[in-house]
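Trainee: Chains C and L, in that order, give the protein sequences.
Here this note's numbering is used: the first residue of the first sequence is 38, the next is one more, and so on.
Here this note's numbering is used: the first residue of the second sequence is 855, the next is one more, and so on.
These are computed hints drawn from the structure, not numbers from a lab.
It should be emphasised that the depicted structure is a prediction, and the values quoted were computed from it without experimental measurement.
Certain hints may be false.
[Claimed, not checked] Reference listing, derived: stretches of chain L covered by chain C, where coverage requires no fewer than 3 residues with Cβ under 8 Å from a Cβ of chain C:
id, stretch
1, 865-878
2, 1102-1113
3, 1149-1160
4, 1184-1195
5, 1199-1209
6, 1218-1224
7, 1255-1262
Think of the CB as a built atom: it goes at the ideal place given N, C-alpha and C, for glycine as much as any other residue.
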Amino acid sequence: MDNATVIERLRAELPDAVLATSEFRGQLSIVVAREAIVEVARFLRDDPELSYNFLENLCGVDYLGRDPRFEVVYHLISHSNRHRVCLKVGLPESDPSVPTLTTLWSTANWQEREAYDMFGIIFTGHPSLERILMPEEWEGFPQRKDVPLGGEEVAFTFNADRVYARKIFAGK
Amino acid sequence: MTITADPPKVTLPAVPSPKEITQPALEGRTENMVLNMGPHHPSTHGVLRLVVEMNGETVVRVAPDIGFLHTGIEKTMESKTYQKALVMTDRMDYLAPLSNNLSYVLAVEKLLDCEVPPRAMTARVLLTELTRISSHLVWLGTHALDLAAMSVFLYGFREREQILDIFELVSGARMMTSYFRVGGLAYDLPEEFPATVQALVDVMPSRIDEYESLLTGNPIWLERTVGVGAINTADAISLGLTGPGLRATGCPWDLRKDMPYCGYETYDFNVPVAKNGDIYDRYLVRIAEMRESVKIVKQALQRLKDIGPGPVTTLDRKISPPPKAEITESMESLIHHFKLWTEGFKPPIGDALAAVESPRGELATYIVSDGSPKPYRVHFRAPSFINLQSLDVMARGRLMADLIALIASMDPVLGEVDR
Chain C
38 MDNATVIERL RAELPDAVLA TSEFRGQLSI VVAREAIVEV ARFLRDDPEL
88 SYNFLENLCG VDYLGRDPRF EVVYHLISHS NRHRVCLKVG LPESDPSVPT
138 LTTLWSTANW QEREAYDMFG IIFTGHPSLE RILMPEEWEG FPQRKDVPLG
188 GEEVAFTFNA DRVYARKIFA GK
Chain L
855 MTITADPPKV TLPAVPSPKE ITQPALEGRT ENMVLNMGPH HPSTHGVLRL
905 VVEMNGETVV RVAPDIGFLH TGIEKTMESK TYQKALVMTD RMDYLAPLSN
955 NLSYVLAVEK LLDCEVPPRA MTARVLLTEL TRISSHLVWL GTHALDLAAM
1005 SVFLYGFRER EQILDIFELV SGARMMTSYF RVGGLAYDLP EEFPATVQAL
1055 VDVMPSRIDE YESLLTGNPI WLERTVGVGA INTADAISLG LTGPGLRATG
1105 CPWDLRKDMP YCGYETYDFN VPVAKNGDIY DRYLVRIAEM RESVKIVKQA
1155 LQRLKDIGPG PVTTLDRKIS PPPKAEITES MESLIHHFKL WTEGFKPPIG
1205 DALAAVESPR GELATYIVSD GSPKPYRVHF RAPSFINLQS LDVMARGRLM
1255 ADLIALIASM DPVLGEVDR
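This is chain C alone, in the form it adopts within the complex (with noise of 0.2 Å):
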């Protein structure tokens, strides 16, 4: 299996789906509608030519400055073929959401979780959306840009009022 063909299928099959493609270093990467991301996913699982039967990574990057804001990077992995594919969604930072894959693989589950937990990022139709390493009460999301790597304020029962109003980016 090499790059060109997975193009060429993905566009025969999804045309508007593909927004664009890239090839880095060997890799393959397609950035695709967010709307058309289950159906792409589906179509790369299901195809038995393709075959990428494995979602091995999932996870999202703040892109701050930049339009869309949000991106969530998908990595497939094809056992029959030995291959990787890249798939990359662009979210803008007004509404943050895309569709789960959980309805493909059970795995998503809580890689979306940790996507939801760090930036934020919305997945609709995920059985149960909440913060998995962060603690349940902690407000903001730790890893995107503009939250602050160090000085962190630890809030008490007592004191919490005060030290989220003195964070910039806390607040739902």
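Keeping the supplied structure of chain C fixed, place chain L upon it in accordance with the hints.
Mentor: Only chain L this time, still in chain C's reference frame:
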């Protein structure tokens, strides 16, 4: 574009969140008992909390509650230069620090498109295979300990000590090694290295026989492990299970064979598989993997001898600093040294993912570069984190005691789960 048909349904139930189990119990809407296990429980292998919904002695659902060890490693790495961010990777999977190092340096080297000299490549293979053995020894010891077989733990740690001594010999540290650097190794292997490794590979096969004689045919061990927590290949792939857990189901997927890195395709070794996907099969696969690793270590040791002394880092001065001796003689070397340790190197704009077969499964590092000397974004596909999701599916309908055996058989390292 036609998006009409419903996507095919995933047949596996979704992993519940802790709240989904505790809430109905608090409101008195269920007859089932909710049992809290951890975060400080000896059999959870770290700070893992499990919220278990039970009907009598039978497990109905399990919700792992994680994040107690979350230290923001991915975020912290964004503020360090590429070379200095490396030390953070040791702290994730602290039982296999060199596998983490390897995954990270391979990703950065992919961004840079840099060549690594054969001596460094071979040393990397040798040391990561030793890491696999030492990590599996901890798994074996603690797994047996959880099922009340005390002595295996002591024997296993005896050999692990020998491997940690080798790590200390090469890097100065027993666990937080940071020995692999972008472009090669931190420094050359010491003179005593071949003899010390040879001493280990000479005894290791007979020691593995010793562990097996304690467990493989042991009726109590069989009673506790055979048929417990079985999972089939299709479910394992849907759950993202990798490593020995996946290979125990009969799927021979191993990145060292299927997407080789560091020249693994040139080594002669087998990928052990089993067929039932239960705890016992995972045990058999890991034991066989240790034997295969010894085989690879032997070959790598011979190759190091054949290659002989030579450079252990890339000769590209834009990535790897010049040797100390050169700095006093050459102005350019001094400038390179200064630039590298104050500013760092700048990979081109782009993103790269490099995956290695760590003892626990597929460990992948995804790095986004914005052309500056610091990574814009680093993400780890942590195998412990993703494998832990399948605990709920495996434990449903089993007894509480099986849950303990299941956690041990998945071999999670909480430092890597929480990062």
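Trainee: Compare the structure with each hint and give your call.
Mentor: Hint check results:
Proximity of the stretch 865-878 of chain L to chain C, defined as three or more residues with a beta carbon under 8 Å from a beta carbon of that chain, is established by the 7 residues found. Only residues whose beta carbon comes within less than 8 Å of a beta carbon in chain C count, and the stretch 1102-1113 of chain L has 4; three or more means the coverage holds. Proximity of the stretch 1149-1160 of chain L to chain C, defined as three or more residues with a beta carbon under 8 Å from a beta carbon of that chain, is not established by the 0 residues found. Counting residues of the stretch 1184-1195 of chain L whose beta-carbon sits less than 8 Å from any beta-carbon of chain C gives 0, not enough to reach three: the coverage restraint is violated.
Only when three residues or more bring their CB closer than 8 Å to a CB of chain C does the claim for the stretch 1199-1209 of chain L stand; here the count is 5, and the claim holds. Only when three residues or more bring their CB closer than 8 Å to a CB of chain C does the claim for the stretch 1218-1224 of chain L stand; here the count is 3, and the claim holds. By the rule of at least three residues with a Cβ nearer than 8 Å to a Cβ of chain C, the coverage given for the stretch 1255-1262 of chain L is violated, with 0 such residues.
Hints 3, 4, 7, counting from the list given before, are not met by this structure.
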